[in-house]
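Quick note on my numbering: the sequence shown kicks off at 16 and runs consecutively.
Heads up, a few of these hints could be off.
What follows is a set of in silico ranges between Cβ atoms, one per label pair, in the way DEER data are often shown [claimed, not checked]:
1. D17 <-> N73: 30 to 38 Å
2. S71 <-> T40: 25 to 33 Å
3. K87 <-> S29: 26 to 34 Å
These are computed hints drawn from the structure, not numbers from a lab. Yeah, the Cβ is synthetic: ideal placement off N, Cα and C, and Gly gets one too.
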Amino acid sequence: KDLILWDPYYCDGSIKRHMASLGYTNMIHNNQDFYSLIEQHSTPKHDVFMTNPPYSENHIDRLLQYLNSTIKEKQRNNTTFCLLM
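Build out the structure end to end from the sequences listed, making use of the hints.
Written out as structure tokens, the structure reads:
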């Protein structure tokens, strides 16, 4: 429960409250532009990337590109992610 969870797709913030009710209080879930964070190389440090991305437009493709690049960058480290798709 010391893990840092990150859900970059902000809707109403309820996932952060839900995860806190389960004991996961170290969660990053802010109303920020995920793609701007990627472009600025300012994604937050996290242990687990978890999200339910929007299905509209090209969000799925962009998300998978990001995760693929993250895995390649961190090949020597564990990269954990959970997606609801």
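task = Provide an ascending list of the numbers of those earlier hints which the structure does not satisfy.
result = Checked against the structure, no hint fails, so every one of them is satisfied.
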